[in-house]
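**Student:** For the record, the sequence lines run as chains A and B.
If you read the first sequence in the numbering used here, its first letter stands for residue 1, the second for the next number, and so on.
If you read the second sequence in the numbering used here, its first letter stands for residue 1, the second for the next number, and so on.
Reference excerpt, derived from the structure (chain A facing chain B, CB under 8 Å, subset only):
id	residue
1	Ala154
2	Asp155
3	Phe156
4	Leu158
5	Ala159
6	Arg161
7	Cys162
8	Leu163
9	Gly164
10	Phe165
11	Glu174
12	Pro177
13	Val178
For the record, the hints were derived by calculation from the structure and aren't laboratory data.
Think of the CB as a built atom: it goes at the ideal place given N, C-alpha and C, for glycine as much as any other residue.
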Amino acid sequence: MRRYLLPLALIAVFATMAIFPGLIAPFTPTERFTTYQAPDKVHIFGTDDMGRDILSLVIYATRLSLFIGFASGAVAIVIGTVIGLVAGWRTDILDDLLMGATDIVLILPKIPLVIILAAYLSPGPWLLILVLGLLSWESVARVVRSKVMQVRSADFVLAARCLGFSDTYIIFREILPVVFPVVVPKFVLVTASAMISEASLSFLGLSDPTVISWGVMISDAFNHGGFIRKMWYWWMPPALCIILGVLAITSLAFLHERGAREVVQL
Amino acid sequence: MLTLCAREITHAYGNHEVFRDFSIEVAAGETVGLVGPSGCGKSTCARILAGLEAPQSGTVEFCGTDIAGMNGSGYEVFRRSVQMIFQDPAGSFNPVRTIGQSISAVLRLAGVPKAEHRAVLVEALQKAGLQDEILSRYPDQISGGQAQRAGIVRGLLISPSVMILDEPTSALDVSVQAQILHLLKEVQRERGISYVFISHDTAVVSFMADRVVRL
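If we strip away everything but chain A, and leave its shape as in the complex, we get (with noise of 0.2 Å):
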């Protein structure tokens, strides 16, 4: 348990971030103070080009780069665990064309399809979590077909069609918490990849620019003057969050993947 310490502990300061910005964030968003002012006792990081507390907005926009990549995380795993399910249980046309789907999705280039999309659609955190998580769950389709597979010709599956449950039943009850495990870390994966997607099309500035994000704030920085005048204070924190919450992210899924590893050698 202790590998999961430091992912988990910073998972947590994340978490509270999002959860209860009002109560850590120094002032809210929207005061204005002396622009571009250097990090000082009041403001930690500084103030931003319009006066604004940069350590507060980096707390407030905690909360919406973590919903869009959790949210999309979410899309993707519903959308390619039923795929993935269905295509793994049925052996007949279904499953070529499941997969046939799933190979068209793999293909695409999906940052240059995001941008082309997000630039002729009105940019927005929900667009952008449709968009993220309907590119992205491909690959969960791919695992959980391949696991599903696995086990659809196991004595308990067969038990349970001699008994006369339904394959939905099958599915969903007796294939679906064995298939579990290997949807949890495609999950913490997928969340952490449209975590950097956001960033990169908020840094393009293809996000809504009224909503703060931490891919926004450094898109502000760069945009605003913040790498010029070598406010590294400015668009550094943003930076380190995302870094930070990605390696948090991932470590969790990797550490998991290695547990249910050493648990199977044994």
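Since the structure of chain A is already known, use the hints to place chain B on it.
**Tutor:** What follows is chain B alone, placed relative to chain A:
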């Protein structure tokens, strides 16, 4: 009266033909032993008889009706009437559900009210010589003999008329084998169930079977 029969069934995996034109008949209340060397297709035959796989040719009939043509209530009756007990006792239970959860699901399927589940389960387990404490255990937390008894209890909950026993004792040690065989005999005496008893152990088959068919 014939309960279950297979007529000239043939099955192959790819180009490898497992068996050809094999026939077997099971009358009500009798035990038919099915023997043959390893790899001859006994388990495949068991799955075909249980309706879990379709033969490439030939027919499987339940009470005179081809199961391939069954649908709706006819198939439901067949599904509940023909049960299978597997060679790997623990493997026939979902590894991430407790024995109690797995068996309770069958009671729900059989339409037993939830309030009666516990009482029905405890009584059924006691008849099979099991303590109710196994209900909270996972399949890998009980012995092979306990798992096989629990598998038999689960199969009996929906009152089948035929049980296909695919080497039910081959994974168990000798003393537990004897207990399971006696339990099966007792169940047959009480309920008049037909058995298709599959084994490569001729001594066990001759103890159990009224007649023997070689694959």
